[in-house]
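There are 2 protein chains.
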Amino acid sequence: MTSRKYVYFFGEGTKEMKKLLGGKGANLSEMTNIGLPVPLGFTITTEVCNLFYDLGERYPEGLDGQIDGNLKKLEDKMGMSFKDYKNPLLVSVRSGAAISMPGMMDTVLNLGLNDKTVKSLIDKTNNERFCWDSYRRFIQMFGDVVMNVEHKKFEKAIQAKKDEKGVKFDTQLTADDLKELVEDYKKIIKNEKGRSFPQDPREQLQMSMDAVFKSWNNKRAIAYRNIHDIPHNLGTAVNVQAMVFGNMGEDSGTGVAFTRNPSTGENKVYGEYLINAQGEDVVAGIRTPKPISKLKDEMPDIYKQLIGICKKLEEHYRDTQDMEFTIQKGNLYMLQTRTGKRTAAAALQIAVDMVNEELIDIKTAVMRIEPEQLDQMLHKQLDKKAKEKGQLIGKGLPASPGAAVGKVAFDADSAVEESKKENVILVRTETSPEDIQGMAVAQGILTARGGMTSHAAVVARGMGKCCVAGCEDIKVFEAKQYFLVNGNKIKYGDWITLDGSTGEVFLGKIPVVDPEITRNFEIFMGWVDKYRKIGVRANADTPVDSEVALKFGAEGIGLCRTEHMFFEADRIKAVRKMIVASSKKERKKALMELLPMQRKDFIEIFKAMKNLPVTIRLLDPPLHEFLPKEEEDIKEIAGELGIEAEELKATINSLHEMNPMLGHRGCRLSITFPEILEMQTRAIFEAAAKLTKEGYKIIPEVMIPLVGIVEEIKILKKQIINIADKVMKESGTKFNYKVGTMIEIPRACVTADEIASEAEFFSFGTNDLTQLTFGYSRDDSGKFLPDYIEKGVLAKDPFATIDKKGVGKLVEIAVEKGRKVRKDLKIGICGEHGGDPDSVEFCHKIGLDYVSCSPYRIPIAKIAAAQAAIKEEENKA
Amino acid sequence: MTSRKYVYFFGEGTKEMKKLLGGKGANLSEMTNIGLPVPLGFTITTEVCNLFYDLGERYPEGLDGQIDGNLKKLEDKMGMSFKDYKNPLLVSVRSGAAISMPGMMDTVLNLGLNDKTVKSLIDKTNNERFCWDSYRRFIQMFGDVVMNVEHKKFEKAIQAKKDEKGVKFDTQLTADDLKELVEDYKKIIKNEKGRSFPQDPREQLQMSMDAVFKSWNNKRAIAYRNIHDIPHNLGTAVNVQAMVFGNMGEDSGTGVAFTRNPSTGENKVYGEYLINAQGEDVVAGIRTPKPISKLKDEMPDIYKQLIGICKKLEEHYRDTQDMEFTIQKGNLYMLQTRTGKRTAAAALQIAVDMVNEELIDIKTAVMRIEPEQLDQMLHKQLDKKAKEKGQLIGKGLPASPGAAVGKVAFDADSAVEESKKENVILVRTETSPEDIQGMAVAQGILTARGGMTSHAAVVARGMGKCCVAGCEDIKVFEAKQYFLVNGNKIKYGDWITLDGSTGEVFLGKIPVVDPEITRNFEIFMGWVDKYRKIGVRANADTPVDSEVALKFGAEGIGLCRTEHMFFEADRIKAVRKMIVASSKKERKKALMELLPMQRKDFIEIFKAMKNLPVTIRLLDPPLHEFLPKEEEDIKEIAGELGIEAEELKATINSLHEMNPMLGHRGCRLSITFPEILEMQTRAIFEAAAKLTKEGYKIIPEVMIPLVGIVEEIKILKKQIINIADKVMKESGTKFNYKVGTMIEIPRACVTADEIASEAEFFSFGTNDLTQLTFGYSRDDSGKFLPDYIEKGVLAKDPFATIDKKGVGKLVEIAVEKGRKVRKDLKIGICGEHGGDPDSVEFCHKIGLDYVSCSPYRIPIAKIAAAQAAIKEEENKA
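Protein sequence lines, in the order shown, are assigned to chains A and B. Positions 1 to 877 (this note's numbering) are the ones given, in order, by the first sequence. Positions 1 to 877 (this note's numbering) are the ones given, in order, by the second sequence.
Hints are supplied without guarantee of correctness; some may be wrong.
Just so you have them, the derived chain A footprint on chain B, three or more residues with Cβ under 8 angstroms [what the hints assert, rightly or not]:
1) 194-200
2) 585-592
3) 730-738
4) 745-757
5) 760-772
6) 778-788
Derived from the structure by calculation, the hints contain no laboratory data. These numbers were taken from a predicted model, which means no experiment stands behind them. Cβ atoms here follow ideal geometry from the backbone N, Cα and C, with glycine treated the same way.
All chains, full assembly: derive it from the sequences and hints.
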């Protein structure tokens, strides 16, 4: 019986065999196949890794024989051997998984060196110091990685040697020093592990292979996979490759190259190299590498060869490549190639260029952009160089991307005041709807508490404004007008800088770079729209928001939160009057004050949106959110309202809720106070009537929030229809409108068939749905969610990316039940997830009609939607 | 083509035809069939009612003919006629649905009277006053009910007549007065409606029939059906029956009778009657009716006949009957029979007696008891007579049944102090776990806020203690030690009385009657256990609870809330130390103090439960619940803990949550602080080990609360197993145990298959599941739930009876998914619903293994379970 093929000599595999050979192994084979100069070697498959674990850390039968066979082939081709101490074979042993996990797993270099072969190497290279250094590095690496000797033991020994010799740098140690160090190292291993450093290269290889396979499941690798959503059962391959040396003299060298510029995308080879050096030296930073263009002068042949290889690789892979190479005594060797990482701008440039060069088709180009990456392009960024020199004082959650520089203010009023003179950053323990005005004038927002979907984060993202939330390092004393952070006391008016894309907080001002919408961006978005199947709308609450949304390509408004209009200075008073009203009559009077303002809002929004659909959500938050909290404010506002402070306090107290998220809000308010719903729908319909007369074709979509029971929508829809009829009669016009509901309560999902019998559209409010499905308050989950993600209980923050198994399952149930009853039910999503690529793909898959997101996320959502459509098409084919 | 049969002459139907003929009609037919003296008549079917609505308030073809045919038959048999003004036929027209809706629909009596027939009647009866009175009553009833003339118009006219005559009572008006009144009444109708009171009896009949059918959908009837869960499409029948008169002299009379005593169940005819009176007179209360035994003396023949009829009816219906009868000139007529309502004690007595009498079998007896009714028997009750004289000062929700008398106390400490001298009632705005000690010593609890499942309500029910919750009438000033209620100021130490079964609050002391477990109860529960398929366990947190649970027949503990043990005086300090600990080491030290106490608890509970299964839930509430809230207490406790008040305040502040219900609680605590879980499981297993050595066979069931993600239970189960292994090794014993989870998060339901791969049992925590499925906080829903139920948005409080469509659907999904992965998965329910009959039936239907409820609800749950099993068996057969 012959066993499976566990080992592939370079050239036996192809680039498509990544899963079996890992990314590195597959590409080494591929490069060999297309005739590039790759040092010989072989790959032990990822399958062996998985079997290794399945068999309880033992290898499958037949593997040893295959390794020996391939080693023999390698020795024969190289004319070198593990056993031939005169002409010894030296190899590297490297990990390589299907998905790159840089630095997570172990690597062993110079394997094959021992007390004898080190001498042959000296004979061959005539460089005693290099050889002893290589040997001591190998022992150190082997001791550390393979034999688990504490790293610091070796560090201590080398330090002792330097002290003894009175030198400062490793490079100042002589060949003899290093030779002595080799003996010291060997002693350390013997002492620590009770066994000697193995002199037999075959044994060295076996032990290194064990170590690499075991490193697949080391802690940091597991954590990395958790963070990056990489399955744990992929396994790593092991690549055994003949060593080449870039440090064999002035005709040797090492470097990295990109086929195109990874920052700008410019179609020109980019990279750097060092003469007479090994890869390590580049990393160590002792010598400064030279730009690749210099190579043209220093080694014109090698340069020409490298440029040729770049072209060949790009034509072959049809994407920008990131390569490692080594020059050994005038010979160029390719050690690695992989898809090159790039900035968003570069990614766009490359995609557009490659389509023009006919290297790739448009569909491929669309798939090439990581949607999330685009976010950088749509927001201000800190100047990179300046940022490196900035004084970092704290780090919070990257709650809303972009950069902001401003003077610190601690409340909305002073933020508004200060903003008339200077840029402002609003700093608060946590924000609440009272702070809206302050947030609106601020460049950025910094909070001490709250997660990625806290009030501050959600509102800031909606405004396209930089926000660092939940910065637990800081302690805010609003009343005293300062905050403490890691020993710094930052007072009102001090300058700080925020990086909302990383969560960093800096003291002082750091220059900011503005975003620009490039021609490439426009071309690219045109392509995206060709493939995209689902619509993309914006969450926009004001006429200004609406204009921004249109600029970013919104196809309508999926969520217009009417309550955000209530916080403006001229309205909040009427809103408060309405809330403290002691009778229905008084309440109606206060509402009548609001009516013309809301009507004006809607007229402007409808106009801005140019007949595109606009979904307006009726009042959602609990009423107490509109009332003041501080003693001071209560007194002031009671005065304004013409009532006693005690009375206002009593009202506030009576509205207090233990769990406001689960309280008297959403359509529950409309059931209790039908007059609020009446005012709002009247404002909507009067706006529609007016514009209809002016020739617009407005079809307002009235959305009832927080429906859990069909009777709720049944009752409220009847009232809405009633008001629409009245307005049409009064105005003498006819207009169409739709009445639908948010689906954000688990009960609405499982009774979606009933609800669809009344609702003309559904819009999933996945923020609330996630809260209720998990039982997490997004305001409080900061206490345990980070811990959950760190411990792998959750792979991702479910408020950022939709939880497909739980929340997604309920969404699917609702879609299925809803469409069963009403075939043409229009279904969208308007939670935060509407702008998350993974979630957009999910929405595409389950057949939603559109997603709605912050205006600034629209391009990202569109790309994600196009990619989802392309993927689906490809899966079908 | 002959049309369907829409009209049944009495005798053509049977008692089984309730759905078609309504309860009254079917029983009138049945009584006719078995030869009882029933005035002749016919029933127009409920089908006609439904057709009437389906056809837009028109009647089906062929109906008129059938009515005329039956009318003719009635006239012929009676020897009277609508048209024969000398010998006129008078009839009653009454509604009668399949399910009794007393007083909800309309009735017309004396139909057939007009200006001419009234005179014939005078000739026949020689009682002019009676005849004119009958006529004016008929016009009034007809005007009001059929023609929709405002009732008060007639009232005004009769008052005017009385004023004119200078008399006080209707009875003082003479025949002439009444004759004049008839004219006045006819004028009122003419004025109000523009048409005359119809003189044609056939027209009177037609209009009355219309009115009765329309009354099916009057507001109060719809509301009644909503409250009592009666479908709206049953429709009512109309019964047309020849009038008999109990007021035709001393040989006439009217009365009601029960075949057995409805209060005690004694097997002796019970009832009352009036000589020379109509049914109305009994209701009006002007004359006091006599007990039925007197009839034996007054009319021995009639009495004998009635007793015979009672016996015959009971043998025929095999249940206690509630009858109406009229004696007209020495002839007994039966006007109605139906199943007699009865008290719980009577119901048990009757069921047991009837089985002994071989009138019914045991299965039938089990079905005869309304489970909820039993509740009265298991709790203290206010003395009925004394209660009527009590001073009612307010009304709240009947949150936990029973009665309580005590001195008012406003906090736990003074309640404890006072309780050493006198009975105490704890009065608070709302309770929190801090109040547990006070609740434990109090006779009853009164709160101003919170619903049927507020903290106060749940804990009180668990303790079997009387509670009136959410009494919005009262305003509690805890700090000032008094409360206001409807103008009364009740101070610390004042006496009040609570009726937890009605929600009433009285000033002063009202005598209380103790419950007793009767022999009948024991016999009956024995029968119940024969038919019951699902288990019934108790929610019990202490050794004392466990003993009560066993007394009530618990088959184990389904929910032992470990945190309730934390509030006892000697423990709370250690708990607080644990919470404020600034390091893991400190926390562990505090936990080590708790370990021996928890172990002792578990030993005692296990012992009390005598090897029955005990499910122990790990710590569930957020930690801040254990910390003090008042400034005073904070200072005191900080002192006790040896820290600064500011530090304690900072800790409390850092633990503050916006929505604690959705916060850091349940298994999330165990993930963050594994040492808490370690202490608790160690206490459980050490208790098990100790008792195993003593010969007990304990199988503790460790329950992890609030699981939403399989990884949570995966991680925690591993820790639990680890501790179990350690304890077994340390103690040198072996014991079995199970690790399972509460299912109370919607996500757990839709991923129950994953969770079942780890959990060995499920227990539905339907309180939390209802909160999350609806998005209602049970602490706050009092703001809108009452409104929702009143407006018919919800038929019932979903915290009291499980919402089958929403919450129930998720439960079903979880059961199905869970059992798919683990066939023998034991599934129970431990929310408040475990003691609600409707919910128990649901649990039976979907195949749960057991329900768990407050010890005091166990008999109720058992009866509900038995009835569900019997119903299922009958449905199958």
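Do the hints match the structure? See the list:
1. For the stretch 194-200 of chain B, the stated coverage by chain A is violated: 0 residues have a C-beta nearer than 8 angstroms to a C-beta of that chain, whereas at least 3 were required.
2. With 0 residues having a Cβ less than 8 angstroms from any Cβ of chain A, the stretch 585-592 of chain B misses the three-residue criterion, and the hint is violated.
3. Beta-carbon proximity to chain A at under 8 angstroms applies to 0 residues in the stretch 730-738 of chain B; the threshold of 3 is not reached and the given coverage is violated.
4. Chain A is given as covering the stretch 745-757 of chain B, and this holds because 6 residues of the stretch bring a CB closer than 8 angstroms to a CB of that chain, at least three being needed.
5. For a cut-off of 8 angstroms, the count of residues in the stretch 760-772 of chain B with a CB near a CB of chain A stands at 3, and the three-residue condition holds.
6. Against chain A, the stretch 778-788 of chain B contributes 7 residues with a C-beta closer than 8 angstroms to a partner C-beta. That satisfies the three-residue criterion, and the hint holds.
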